[in-house]
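Now for the letters of each chain:
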Amino acid sequence: MGKKRIQSLITSLAKLKTDLYQKDFLLTWLQSDAELKAVLTVADILEQMYRANISTRVFDGGLAVSNFRDKSTRTRFSFASACSLLGLTAQDLDESKSQVAHGETVRETANMISFVTEAIGIRDDLFVGYGHEYMREVSESVELGYQAGVLPQRPAVINLQCDRDHPTQSMADLLHLVKTFGSLKKLRGKKLAMTWAYSPSYGKPLSVPQGIITLMTRFGMDVVLAHPEGYDLMPETLEVAARHAAESGGSFTQVHDLAEAFTGADIVYPKSWAPVSLMEKRTTLLKSGKGHEVEALEKEGLAQNAQHQDWECTEKLMSLTTDGAGLYLHCLPADITDVSCKAGEVAATVFDRYRDPTYHEAEHKLYVIAAMIMLNRFKKPARVLAGLLRKARPRRAG
Amino acid sequence: MGKKRIQSLITSLAKLKTDLYQKDFLLTWLQSDAELKAVLTVADILEQMYRANISTRVFDGGLAVSNFRDKSTRTRFSFASACSLLGLTAQDLDESKSQVAHGETVRETANMISFVTEAIGIRDDLFVGYGHEYMREVSESVELGYQAGVLPQRPAVINLQCDRDHPTQSMADLLHLVKTFGSLKKLRGKKLAMTWAYSPSYGKPLSVPQGIITLMTRFGMDVVLAHPEGYDLMPETLEVAARHAAESGGSFTQVHDLAEAFTGADIVYPKSWAPVSLMEKRTTLLKSGKGHEVEALEKEGLAQNAQHQDWECTEKLMSLTTDGAGLYLHCLPADITDVSCKAGEVAATVFDRYRDPTYHEAEHKLYVIAAMIMLNRFKKPARVLAGLLRKARPRRAG
Amino acid sequence: MGKKRIQSLITSLAKLKTDLYQKDFLLTWLQSDAELKAVLTVADILEQMYRANISTRVFDGGLAVSNFRDKSTRTRFSFASACSLLGLTAQDLDESKSQVAHGETVRETANMISFVTEAIGIRDDLFVGYGHEYMREVSESVELGYQAGVLPQRPAVINLQCDRDHPTQSMADLLHLVKTFGSLKKLRGKKLAMTWAYSPSYGKPLSVPQGIITLMTRFGMDVVLAHPEGYDLMPETLEVAARHAAESGGSFTQVHDLAEAFTGADIVYPKSWAPVSLMEKRTTLLKSGKGHEVEALEKEGLAQNAQHQDWECTEKLMSLTTDGAGLYLHCLPADITDVSCKAGEVAATVFDRYRDPTYHEAEHKLYVIAAMIMLNRFKKPARVLAGLLRKARPRRAG
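Residue numbers (our numbering), protein chains in the order written: chain A, 400 to 797; chain B, 400 to 797; chain C, 400 to 797.
Take the hints with a grain of salt, since some may be wrong.
No copy is singled out in the list; a pair is fine if it fits within one copy or between any two copies.
[Said to hold, decoys possible] Straight line, CA to CA, 20 Å or less: simulated SDA-like cross-link-like pairs of lysine to any residue:
(1) K402 - P551
(2) K790 - D459
(3) K416 - G797
(4) K414 - R404
(5) K790 - V505
Treat the hints as calculated values from the structure; they're not laboratory data.
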């Protein structure tokens, strides 16, 4: 039964026209719909195989490099899990022990770590205007190395969160929606509210809301972005969202009222972030060696946040959603009022009701990462997956 | 030959009535005799298989998470070794990079790191009254996640040392005794002296002596606990030891004289520890944010130790043991007089004579850890082991 | 085709008389020519197998331990890559979390980490007079443990750079020369200039130039060592180089003029290092607890360097080499003028032209490490390699 379903997913995968082989998937809005579907499908196949105890080890040796330029638990474990399932050894590039910097050196380091490397996962979300550029530089560096024959293979560069997008998160969220509502098609016409929420911490990255509004507008959904005045996202992502909505027959609107956003919503994603203007100021301070002024900026940001403590996902707000049963999403960890902080993004009873669904949402991420690696590294991924299914080598003995 | 012996161990394993599948083994005194025997037997089988060059890789992908809340070399390597032999990828949960804390968050993190995780090894021995509780919280968290279908499997939680017990150490010590004396039965009537010993360092955990007196009293041994006045263990463990001795037909006595403890002993385990009262004071200081007062407490502890420099395992004391040839045990590293310090737990000539045996004692630990993982993760471990033996896939080529 | 070439390499390997099984390869000058050829041949075989998608996983479980006593990116990744290809799990021995020190304790730790360990890679290059000694101590410790039956196998100790030699680097450099010029024989009569070069950083280790002059003089090359007055290497290595040149029919000369060294050179290796006298002073300061005086010494060293900014590998100098097309070598990272620093070891246009060759040079290192492990761990490496070729298990699916 499990196998039949997996077989049918492989068949749909084989029909998709994609161009992901040896190409990096850095921002969802640079990929075609078919490519997004391919990632979702491969992620689903790998998840089903795991649960059916079918080994997905497609590599018998070789490295996967992780490069975290920000603290991380969830993403670190997602990447390590994905690599382990594919048979790759994860090795951390700890920059405090290396000379990765600019220009020549990024190119050199990217090649030096890649002689037997199949994937490089990078998290670089702290500096607005730099994270995506760094990933592109690494991507171009390994491409050059591969073209020159220096690298026997071209490692996939996986965006584990940059300043603009968080594709492994938003694609995991999308897979969660597909599984919850039944299919991509059934998302058409659904209302999704991506809203700011109060948090007592500061400087949370923009990539999650940006990733959500740009991705979810592609499938005919009605996406509403809600935040207090001043909490703007990067303008580029608003344009992409508007364009996607127009193309898909959905809509993209912005409001500054939480209740309005929740009213009639099928899906809500209340989550804190810092205004792009503040993130830019911080980036400028840090890049110009004025790190000592960041503390003042942080205070400013927290004071600004404190004016919006009423932006909390309460039971009352949830009752405004469709049938009072809208789906709550969060990338975790959430700031839960009276649990992880005095006042936060979400009321404890709301979070409690959606805890297990958010855990499922999080689980998908590791399979999205594994899918991105496979699609980049194999010319005919459907054939490779069919081979795994045919052999059905058990992942655990017994 | 090796294979015949392994086969006979598997046969005995199959006869043991145990209930370890998907249950955590956190304190030896909560497990049945049969379960202890099962751990010893599986550890022995895995060790024999390793030496017979038979692969024990029962997993083809999947994680093992280590969470060290105290410095560690030996245990860290034991855990990594065990995971490597089973085919799991060890991934460290470095709390300086995560948000593991209290309440909700332990539950969340435990689930977030466990989507493809088969084992979580935890060392948390510094805070009296907290280490075991933390492990139980992690254990309950993954159980809830598994019951809710969030986790496809329930990872084994392995106690790599808590405030109360050090089961992988004490079970490795027991396996060492079984191998030295021939069988569990032959331990009956043997005298084991678990004694305090002087060390110039402070705050050594209580879990080793507590683990030894609670475990060794179960097999009809005469266990003597010896320490200077004031160096008490946690009362709970003394009660357990007394009860075990009564049930097994052995004995458990306490003395405050080192020579008395050594006299006629078949086995001696001289090792330093801190008084439970001091550990409790330290815990209170640290938990109430008075970390600065710990230094004063440390001086107090060292001064108290210094009054007992004569508690050293000397040749003269060893001559009091049975035939002057009692077996010396230590969990390592030992404080060796004139080698690793000016005055320590043991005389250099004594340690020198027992160095290789203590190394063998230490070796067993990795197989005990692997055994605990296997017994938790496989419903029919004897069948899985029999499968490994039948295939006899070489661990190294050639 | 690839397979035929690999087969012929295995055939030549089988003919070499070597004694590397369970012996450590710590300094190239302690090994026979046949042993050097065996390392080069196995490295080449493993590299060809990787490119032919043939799995080289000879271990199905087991550890490889890395012990870096200095910062490292390249070597760390080389070692991790080699281990991954052989099927070993790399585990870092982080001394900040352990008790590795002197005497007894090195012996104990070496054994404690080695129960299932096949290789221990050590980098210890900062203290002149100590790095090699530490490696020997580890080597002897595991030998004793193995002889006593404490260790089921004797791990290979791999020198990842000591104070005297950098054998994985120099052997990778040699493999690069063999591949560039066609064979070891074709190196005979070639002129190689190992020269000092200016760097704005200080305290670069001596092991690269020492490794080069001692190794390259063995094959009939004309090796010229050039450096400003005062930048002497360890005398022992000069003697070895002179002896090797006399034995091989090559030559070893020293000059203090960069143009003279480059004139007519087929190969140039311009690279900065610190004078041995300064390194000794630093070692003495650090070992005697006078770390605060090191800063003054560093300033002194940089000032000394600054007098030799003209020691740069320029286009003009390169034009003096054979046909103006001498091969540029570097162990990377190079200090590139106007790229990684204002004034450095090499002009940007020169480095640019040789970037890809230096990347290839670097790539060989991981295969040299893997070769050293295999030759130490297998009695009949040719048979093991032939087995891998026969099975030709794909390293990546598809």
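The hints, checked one at a time:
1. K402 - P551: Intra 34 Å, inter 17 Å, cutoff 20 Å: inter-copy only.
2. K790 - D459: both (16 Å within a copy, 14 Å between copies)
3. K416 - G797: between (39 Å within a copy, 19 Å between copies)
4. K414 - R404: within (16 Å within a copy, 40 Å between copies)
5. K790 - V505: neither (41 Å within a copy, 39 Å between copies)
In this structure, only the earlier hint numbered 5 is contradicted, and the remaining ones agree with it.
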